[in-house]
Structure formats: structure tokens, C-alpha cells
Amino acid sequence: MATRIHPLLILFTVLVYVFLLGPLIIIFGASLSDTTYLTFPPQGLSFRWFQNIWDISAFRRTIVTSLQMAFLGTGIALIVGIPAAYALNRYRVTLPGWLSTLFVLPILVPEIVIGFSLLRSVTVQAGVPVWYALLIGHTLLVIPYVIRVVSASLASFDFSIEEAAISLGSPPARTFFTIVLPNIRSGVIAAFILSFITSINDVSVSLFLTGPGVSTLPIQLLAHMEQFFDPTIASVSVVLMLLTILVMIIVERTLGLAIVAK
Amino acid sequence: MTQALTIDRITAHYGTTKVLEDLSLSVAEGELVSLLGASGCGKTTTLRLVAGFLQPTAGAIRLGDKDLTRLPAHQRDIGLVFQNYALFPHLTVRENVAFGLKQRKVAGPERLKRADAMLDRVGLAHLADRLPGALSGGQKQRVALARALVIEPPLLMFDEPLSNLDAKLRIDMRVEIRQLQRANGTTALYVTHDQEEAFSISDRVAIMHQGRIMQLDTPEVLYQRPANAFVANFVGFENLIPLQVTTRNGAEITARTAEGAALTLSQDQLGPIPDAFTLATRPDGLQVTATGGAGLPATLGLRTYLGRAYQYQARAGALSLTANGPLSQPLDPGTAVTLVPNPEQCAILKPE
Ligand SMILES: Nc1ncnc2c1ncn2[C@@H]1O[C@H](COP(=O)(O)OP(=O)(O)OP(=O)(O)O)[C@@H](O)[C@H]1O
Ligand SMILES: [Mg+2]
Numbered sequence: 001m002a003t004r005i006h007p008l009l010i011l012f013t014v015l016v017y018v019f020l021l022g023p024l025i026i027i028f029g030a031s032l033s034d035t036t037y038l039t040f041p042p043q044g045l046s047f048r049w050f051q052n053i054w055d056i057s058a059f060r061r062t063i064v065t066s067l068q069m070a071f072l073g074t075g076i077a078l079i080v081g082i083p084a085a086y087a088l089n090r091y092r093v094t095l096p097g098w099l100s101t102l103f104v105l106p107i108l109v110p111e112i113v114i115g116f117s118l119l120r121s122v123t124v125q126a127g128v129p130v131w132y133a134l135l136i137g138h139t140l141l142v143i144p145y146v147i148r149v150v151s152a153s154l155a156s157f158d159f160s161i162e163e164a165a166i167s168l169g170s171p172p173a174r175t176f177f178t179i180v181l182p183n184i185r186s187g188v189i190a191a192f193i194l195s196f197i198t199s200i201n202d203v204s205v206s207l208f209l210t211g212p213g214v215s216t217l218p219i220q221l222l223a224h225m226e227q228f229f230d231p232t233i234a235s236v237s238v239v240l241m242l243l244t245i246l247v248m249i250i251v252e253r254t255l256g257l258a259i260v261a262k
Numbered sequence: 001m002t003q004a005l006t007i008d009r010i011t012a013h014y015g016t017t018k019v020l021e022d023l024s025l026s027v028a029e030g031e032l033v034s035l036l037g038a039s040g041c042g043k044t045t046t047l048r049l050v051a052g053f054l055q056p057t058a059g060a061i062r063l064g065d066k067d068l069t070r071l072p073a074h075q076r077d078i079g080l081v082f083q084n085y086a087l088f089p090h091l092t093v094r095e096n097v098a099f100g101l102k103q104r105k106v107a108g109p110e111r112l113k114r115a116d117a118m119l120d121r122v123g124l125a126h127l128a129d130r131l132p133g134a135l136s137g138g139q140k141q142r143v144a145l146a147r148a149l150v151i152e153p154p155l156l157m158f159d160e161p162l163s164n165l166d167a168k169l170r171i172d173m174r175v176e177i178r179q180l181q182r183a184n185g186t187t188a189l190y191v192t193h194d195q196e197e198a199f200s201i202s203d204r205v206a207i208m209h210q211g212r213i214m215q216l217d218t219p220e221v222l223y224q225r226p227a228n229a230f231v232a233n234f235v236g237f238e239n240l241i242p243l244q245v246t247t248r249n250g251a252e253i254t255a256r257t258a259e260g261a262a263l264t265l266s267q268d269q270l271g272p273i274p275d276a277f278t279l280a281t282r283p284d285g286l287q288v289t290a291t292g293g294a295g296l297p298a299t300l301g302l303r304t305y306l307g308r309a310y311q312y313q314a315r316a317g318a319l320s321l322t323a324n325g326p327l328s329q330p331l332d333p334g335t336a337v338t339l340v341p342n343p344e345q346c347a348i349l350k351p352e
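Line by line, the protein sequences are chains A and B. Heads up: the first sequence begins at 1 in full-length UniProt numbering, then just goes up one per residue. Heads up: the second sequence begins at 1 in full-length UniProt numbering, then just goes up one per residue.
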């Protein structure tokens with residue numbers, strides 16, 4: 001049986017896609033332009049603006065910093081966030097209800113406020129070096145996401161299987177790794193990807209915490225834009241997108257992505 | 001291998017709420033004891049204390065001559081079967097069963113051999129490579145049983161293992177559980193709220209109420225000689241008639257209700273009868289007869305049809321009673337009758 005789809009619905013869907021993907025296509029096209037100014041459709045075809053990213057040392061350095069922040073920040077957030085999410089769910093009956101809300105509160109606070117308060121406390125007050133302050137910022141930024149997403153997995157986790165494992169002689173710590181973790185894997189992977197993307201694209205928090213010689217790619221992009229309006233901006237954007245996609249593919253290949261399943 | 005379990009005067013709290021109070025229980029080697037009681041009476045709590053997932057606030061738990069009270073749960077060596085099966089979803093059936101052996105450092109090939117042998121015993125050898133998600137409820141419970149049995153624990157504990165299964169399977173599985181437990185001679189503690197299930201497979205049954213054991217005895221004794229009003233009610237002695245002995249004549253005694261109706265009972269049939277007692281009868285044990293004879297004068301109320309008899313709600317003075325009458329003679333509400341207890345269906349409850 002052929003279901004007829006209303007023409008308006010098709011039109012609407014197409015418009016949504018144009019709206020979502022259009023700007024990306026324009027950026028992608030502009031990054032390949034052979035001109036010294038941003039233009040679309042591209043005139044001529046060249047990779048020189050990608051080459052340019054490599055030539056400008058600030059971009060090279062900030063790509064490295066961005067990746068460091070994204071990997072380390074997300075890593076620390078997972079190490080802190082998974083046990084927190086575990087405890088919140090395991091002892092949900094005995095813990096007060098507001099506690100889990102407290103852990104996701106930072107999502108509700110405007111990032112710019114978090115950035116500023118970290119600048120005041122961590123950088124100015126405590127005098128933590130820029131690179132470390134930036135890492136603290138990125139870690140704090142993504143912890144709520146980790147807790148939220150991992151908690152969602154744990155909410156459907158049956159803790160009696162943990163008790164079953166313990167009764168069969170598996171010590172609690174080992175049980176966490178052999179029984180709990182494999183069963184919330186999809187949540188952990190989703191948390192990783194979400195955190196990674198949040199971190200690598202972050203502007204608000206990084207804006208306050210970057211300093212002399214230490215910056216992230218989006219911040220460097222902004223700085224570059226203030227002086228130049230050449231297709232480098234577009235090519236950096238493309239690199240940022242490709243990096244994100246690449247990491248997602250690697251994570252999917254190595255850990256087996258099952259976000260959709262959960 | 002098998003050992004006796006002793007629960008010695010334990011008290012347990014959740015936060016500040018007392019859930020178990022001064023509870024003692026012992027299960028002999030190779031014996032199957034059931035904990036039977038209404039929802040919330042503390043059955044699961046008792047198992048969790050023995051398993052080590054909860055610490056008692058007072059008392060001790062021993063298995064054989066080993067004191068379990070302060071031992072971490074993973075060192076207690078107890079086979080557990082849960083109501084919701086609690087299989088490891090990410091491991092195959094075989095890996096599930098082999099899990100406990102792996103913790104005991106049994107070498108790979110030996111482990112698989114023993115897991116497969118156990119799966120064979122529960123009739124699931126052909127499903128060894130499946131994930132638990134692809135099993136029926138009954139199959140899952142068999143895997144759970146195999147997983148608990150394969151470590152040859154000195155004690156097996158079951159928490160309502162059959163309540164998620166349909167009626168027919170429940171009966172098959174309980175027989176199977178009993179056979180495996182008997183064959184291995186494993187001491188077992190079995191939680192259920194199904195009276196028939198408890199009575200059919202247990203050596204002894206503990207009837208629990210609000211965190212206490214009301215009576216612990218063989219099913220036969222519980223069914224015929226309940227020790228108190230709670231247990232009497234639980235096993236179907238619906239009528240509780242308070243009586244006072246007025247005359248004793250050897251084994252024969254005469255006792256009267258508050259209204260003065262007299263009953264004659266024999267201590268040869270019912271055991272020793274104290275001066276003040278309660279006579280408990282099932283509806284079947286209270287016969288409806290024409291007025292005039294010895295017994296309790298009563299007025300009939302609502303009549304219901306049971307198939308094998310008519311059942312009447314009746315009033316005898318201040319008491320409301322349930323009695324059965326013959327099918328040959330349906331009686332209308334308001335009829336005056338005499339209710340006569342049948343000693344074979346009666347029990348004597350001492351004052352509490
Ligand atoms: N984690 C908990 N925190 C607080 N109270 C609890 C907790 N678990 C159980 N209780 C309370 O303890 C009492 C005994 O509970 P338990 O689970 O032992 O009952 P049960 O006899 O197993 O009942 P059921 O037949 O419904 O499984 C109940 O009143 C219950 O509300
Ligand atoms: Mg229970």
C-alpha cells in the first residue's frame with residue numbers, strides 16, 4: 001500500500017533541511033574559495049585556506065589545546081560523573097531528592113556566568129595557571145551532562161543484578177566494572193560524545209579563561225575574525241566540524257555506538 | 001558441604017523504622033524453610049540480612065559454625081534466586097552460569113564443563129549461547145537457578161522466585177526447585193506470599209507478621225494446630241470463639257461463651273484445654289443444624305453457593321461466624337439454627 005505524503009509536508013521537511021544544512025553547505029563552499037574574502041558560491045577552487053590554518057601557528061596551537069581540553073575535560077568529567085551518577089541512582093531512596101538536582105544545576109546557570117565566576121575564583125583568586133584553569137572550566141562545564149546522561153542509563157539499570165554478582169562472590173568494586181559498567185555503556189558513550197562536542201565548541205566559558213599563549217580554537221577563530229575576513233574562518237569551521245565527526249566515528253567504531261538503542 | 005543456618009535474635013532498621021524485631025530462626029542442614037507472610041512483613045529484609053546486603057542493628061547470623069554477621073556479602077557463599085531473575089543481560093546463558101565459578105578462580109575449561117553440566121540439569125543446554133533477553137520467564141528462572149546451584153553453596157535463598165510466572169509453570173517449577181534442593185541436600189530459605197506454594201514444598205514454614213515470626217512449624221501442624229489467632233486466621237480458621245471452661249469431667253470439658261451457650265469438647269481430640277481459650281474452626285468445621293441440640297444458637301445471614309456446600313454468614317450473640325450447611329437444605333436468611341463445631345476441624349488457641 002502506497003501512503004500518499006501531503007505535498008506541504010514534503011515542502012516543510014525540505015525547508016527544515018535547507019535551514020539546518022544550508023549554512024553548513026555555504027561555510028563548506030566558502031572554505032574552498034580561491035578569493036581573499038568570504039564568498040559563496042566559491043570562486044575558483046583551492047585548499048589554500050586550509051593550508052593557511054596550518055601556516056598560522058596560533059591555529060595549530062589552539063587546535064591542540066582544544067583537543068586536550070575536550071579529551072582531558074571529558075575524561076575527568078567521566079571519572080567524576082559516573083560514580084556520582086551511580087551513587088545518586090543506587091541510593092536514590094535514602095538520598096534527599098534535591099541532591100540530584102544540585103548536580104545538574106550548572107546546566108541552568110548561563111555559561112557566561114560560570115566562566116566569569118571561574119575567572120574570579122580560579123584564575124584571579126587562586127592564581128591557577130591559565131591552561132589548568134581552562135581545564136577546570138571545561139571539566140565543570142561537561143560534568144552535569146555526564147551525570148544527566150549516565151543517570152538516564154542507570155535509571156533503567158536493575159541494581160539487583162549487582163547484588164546477584166556480589167552474592168556469587170564478586171567484590172563490589174570488581175562488580176562495578178564487570179557488571180554495572182558494561183550495562184550502562186551506551187550511556188557512557190553518549191555522555192562522552194555530548195561532552196566532547198560541548199567542550200570543543202565552547203566559547204562562553206573559554207572566553208574568560210583563555211590567557212596569554214593559551215587559547216582554544218573557537219576563541220582563536222573569534223580573534224582572527226576581528227582582524228581578517230578571509231575564508232580561513234570558513235575552513236576552521238569545517239575543521240571543527242570534521243574533528244567532531246571524526247571523534248564520533250572513532251568512538252562508534254571502538255566502543256560500539258548504541259545511543260539510539262537506549 | 002551443606003550447613004545449618006541460624007538467625008539469632010536479629011533486629012533490623014531502615015533508617016529509624018524498625019522492620020524486624022528480635023527475630024530468630026534456624027534452618028537445619030538440608031532443610032527447606034519458607035518465610036510466608038503478607039506484603040511488607042519483612043521477608044525480603046530477612047533474606048537481605050542473611051545475604052549481607054543489610055546489616056542487622058542487633059543479633060547474629062551463623063552458617064554452620066561460621067559467624068556471618070560482619071562478613072562482606074561477597075564472602076558469604078550463598079546462592080540467591082531473585083523474583084526478577086537478575087540475570088546479567090550482557091552475558092550469555094553459559095557465561096551467566098559460569099560467573100560464580102569464575103569468581104572462585106575455577107579454570108576456564110573446567111568452568112565451562114561445570115556450567116554446561118548444570119545447564120543440562122535444568123534442561124537448558126540448547127540455550128547456552130543465548131543472551132538472557134531472548135529467554136522466556138521460565139527459562140530465565142531456570143538459568144538463575146543453575147547460576148545459584150553451580151557454585152554448590154551451603155545455603156540457597158529464594159525471594160519469591162515464581163511470582164512472575166504463570167500458574168501452571170509455577171507448579172512445575174516449584175517441584176523442580178524442590179527436587180534439585182533435595183538432590184543436592186542444600187539448606188534452603190524460601191520466601192513466598194503464596195500459602196499453597198509454601199506448604200507444598202517446605203519442610204517447615206515460618207509465618208511472619210509485621211517483622212515477627214508468629215509460628216514456625218511443619219505445614220501439617222500449622223494447618224491443623226495453629227498456635228495463635230493470627231496463624232489460625234492465616235490458614236483459614238475464620239471463626240474464633242472465646243470460651244470459658246465451666247466443668248471438667250476427665251477428658252471431657254464443658255465450656256461456655258459469654259452469652260452462656262455451652263459446648264462439650266474432648267481433650268483426647270483437641271489436646272489439653274486451658275480454662276480460658278479460643279476455639280478456632282474453619283467454615284467447614286462449623287455445621288449448621290436444626291435448633292435444639294447442643295451448640296451455639298445462631299441466626300443465619302447471607303447464603304452463598306460454594307459448589308460442594310452452602311456457606312452462611314451467621315450471628316451468634318456478639319460473634320459473627322461463617323458456617324457451611326448441606327446442599328440438600330438451603331436455608332433462608334433469618335432462620336434460627338444451632339452451629340455445632342466438628343472437633344476434627346477445630347483448634348484450641350491459648351490466651352495470648
Ligand atoms: N529500602 C527501604 N527503605 C525503607 N523501608 C524499606 C526499604 N525496603 C523495605 N522497607 C520497608 O520494610 C518493610 C519490610 O519490607 P520487605 O521488603 O522485607 O517486605 P516483604 O515481606 O519482602 O514484602 P513483599 O512480599 O511485598 O516483597 C516494609 O514495610 C517496607 O516498606
Ligand atoms: Mg519481598
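No lab work stands behind these hints: they were computed from the structure. Virtual Cβ for every residue (Gly too), placed ideally from N, Cα, C. Any given hint could turn out to be false.
Unchecked claim - With a cut-off of at most 20 Å between alpha-carbon atoms, the simulated SDA-like pairs for lysine to any residue come out as follows:
1) B:Lys18 to A:Leu95
2) B:Lys105 to A:Leu95
3) B:Lys102 to A:Arg174
To be verified - So these bits of chain A aren't anywhere near chain B, every CB distance computed over 12 Å:
4) Leu9
5) Phe19
6) Arg48
7) Arg61
8) Phe71
9) Val93
10) Ala126
11) Phe157
12) Phe159
13) Ala164
14) Gly169
15) Ile179
16) Leu181
17) Arg185
18) Val214
Okay, the hints, checked on the actual structure:
1. B:Lys18 to A:Leu95: 19 Å, holds
2. B:Lys105 to A:Leu95: 37 Å, violated
3. B:Lys102 to A:Arg174: Cα-Cα ~12 Å, so holds.
4. Leu9: 37 Å, holds
5. Phe19: 40 Å, holds
6. Arg48: 50 Å, holds
7. Arg61: Label holds. Min Cβ-Cβ 42 Å, cutoff 12 Å.
8. Phe71: 27 Å, holds
9. Val93: For Val93 (chain A), whose nearest Cβ neighbour in chain B is about 9 Å away, the distance does not exceed 12 Å, so it is violated.
10. Ala126: Given a closest Cβ separation of 39 Å, the condition holds.
11. Phe157: 9 Å, violated
12. Phe159: 9 Å, violated
13. Ala164: Per Cβ check, Ala164 (chain A) is inside 12 Å of chain B; nearest 4 Å; violated.
14. Gly169: Gly169 (chain A) is in fact no farther than 12 Å from some Cβ atom of chain B, at 4 Å.
15. Ile179: 6 Å, violated
16. Leu181: 10 Å, violated
17. Arg185: Check fails; 8 Å does not lie beyond 12 Å.
18. Val214: 42 Å, holds
The structure is inconsistent with the numbered hints 2, 9, 11, 12, 13, 14, 15, 16, 17, although it conforms to all the rest.
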